[in-house]
Amino acid sequence: MTTPARGRMVLLLIAGIPLTMILAATWLWFFVVRGDLDLVSALGTANRGSLVQPPRQIDAAPLRDADGAPHPYASLEPRWTMLVPGRQDCAADCEHLLYLTRQIHVATGKYFNRLQRVYLGGAAPQVTALAVSQLSDGPPAPPNLAALVDGEHRGLVALHSDPQALAALFPEHDQDPSTWYLVDPRGWIMMSYNSEVGYKDVIADLKFLLKNSSG
Numbered sequence: 118m119t120t121p122a123r124g125r126m127v128l129l130l131i132a133g134i135p136l137t138m139i140l141a142a143t144w145l146w147f148f149v150v151r152g153d154l155d156l157v158s159a160l161g162t163a164n165r166g167s168l169v170q171p172p173r174q175i176d177a178a179p180l181r182d183a184d185g186a187p188h189p190y191a192s193l194e195p196r197w198t199m200l201v202p203g204r205q206d207c208a209a210d211c212e213h214l215l216y217l218t219r220q221i222h223v224a225t226g227k228y229f230n231r232l233q234r235v236y237l238g239g240a241a242p243q244v245t246a247l248a249v250s251q252l253s254d255g256p257p258a259p260p261n262l263a264a265l266v267d268g269e270h271r272g273l274v275a276l277h278s279d280p281q282a283l284a285a286l287f288p289e290h291d292q293d294p295s296t297w298y299l300v301d302p303r304g305w306i307m308m309s310y311n312s313e314v315g316y317k318d319v320i321a322d323l324k325f326l327l328k329n330s331s332g
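Per the numbering used here, the sequence shown runs over residues 118 to 332.
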């Protein structure tokens with residue numbers, strides 16, 4: 118084959134690559150639309166937590182601050198939120214989740230300011246007893262949640278709501294008290310995590326999410 122002919126062949130091959138990719142993508146999309154191919158199942162998902170399907174709007178429960186005043190989610194900073202559910206008191210699982218999410222928050226490094234932490238329980242923090250004698254990192258436990266937040270969890274927002282509304286909002290937590298949630302900046306509960314998901318896996322999820330989202 119002469120040099121000019123060989124050059125034309127190379128140009129044709131190069132020009133044909135984009136066309137081949139377009140045809141392949143069209144073929145793949147055709148089967149996805151028909152339902153013959155489930156890409157999510159075939160490729161898997163990047164997250165280690167469990168998707169909440171469908172997402173739940175956190176304002177379905179009337180959120181209130183320590184004084185009992187309405188405190189809708191939109192009044193918080195528009196950030197992704199690590200949310201720890203609670204009940205009438207804060208027992209060992211609850212206290213450990215507060216400790217764990219604090220450590221995860223710090224470990225996100227440069228993404229720290231794009232996250233916030235919220236506790237949402239069934240009673241105001243000043244009347245929410247800590248049903249533990251010692252904190253997860255060693256010190257003796259203070260008498261109530263408000264004192265714990267002031268001493269160990271500066272920056273955490275402690276809210277409360279009706280216990281029945283919380284039960285409907287967080288059914289996974291009722292089944293497994295080690296469950297906590299990730300809420301998007303608009304107040305949609307998107308994912309849940311529990312003790313089966315490792316510390317490093319949660320951090321990997323959060324970094325991936327924050328890297329690939331604008332919220």
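To be clear, the hints were calculated from the coordinates, so they are not data collected in a lab. Do not rely on the hints blindly, as some may be mistaken.
What the hints assert, rightly or not - Across the chosen pairs, the derived CB separations fall in these ranges:
1) S330 to V223: 15 to 23 angstroms
2) P260 to W305: 33 to 41 angstroms
3) A177 to P259: 28 to 36 angstroms
4) L168 to Q251: 32 to 40 angstroms
5) Y228 to S250: 31 to 39 angstroms
6) P259 to Q174: 26 to 34 angstroms
7) K227 to P260: 35 to 43 angstroms
8) R303 to P256: 14 to 22 angstroms
9) P259 to Q220: 17 to 25 angstroms
10) E194 to P172: 15 to 23 angstroms
11) A321 to A264: 28 to 36 angstroms
12) S192 to V223: 34 to 42 angstroms
13) S192 to N230: 16 to 24 angstroms
14) P260 to Q220: 19 to 27 angstroms
Don't be surprised by glycine CBs; every beta carbon is placed ideally from N, CA and C.
Results of checking the hints against the structure:
| no. | hint | verdict |
| --- | --- | --- |
| 1 | S330 to V223: 15 to 23 angstroms | holds, 20 angstroms |
| 2 | P260 to W305: 33 to 41 angstroms | holds, 35 angstroms |
| 3 | A177 to P259: 28 to 36 angstroms | holds, 31 angstroms |
| 4 | L168 to Q251: 32 to 40 angstroms | holds, 35 angstroms |
| 5 | Y228 to S250: 31 to 39 angstroms | holds, 34 angstroms |
| 6 | P259 to Q174: 26 to 34 angstroms | holds, 33 angstroms |
| 7 | K227 to P260: 35 to 43 angstroms | holds, 36 angstroms |
| 8 | R303 to P256: 14 to 22 angstroms | violated, 36 angstroms |
| 9 | P259 to Q220: 17 to 25 angstroms | holds, 19 angstroms |
| 10 | E194 to P172: 15 to 23 angstroms | holds, 20 angstroms |
| 11 | A321 to A264: 28 to 36 angstroms | holds, 33 angstroms |
| 12 | S192 to V223: 34 to 42 angstroms | violated, 25 angstroms |
| 13 | S192 to N230: 16 to 24 angstroms | holds, 18 angstroms |
| 14 | P260 to Q220: 19 to 27 angstroms | holds, 24 angstroms |
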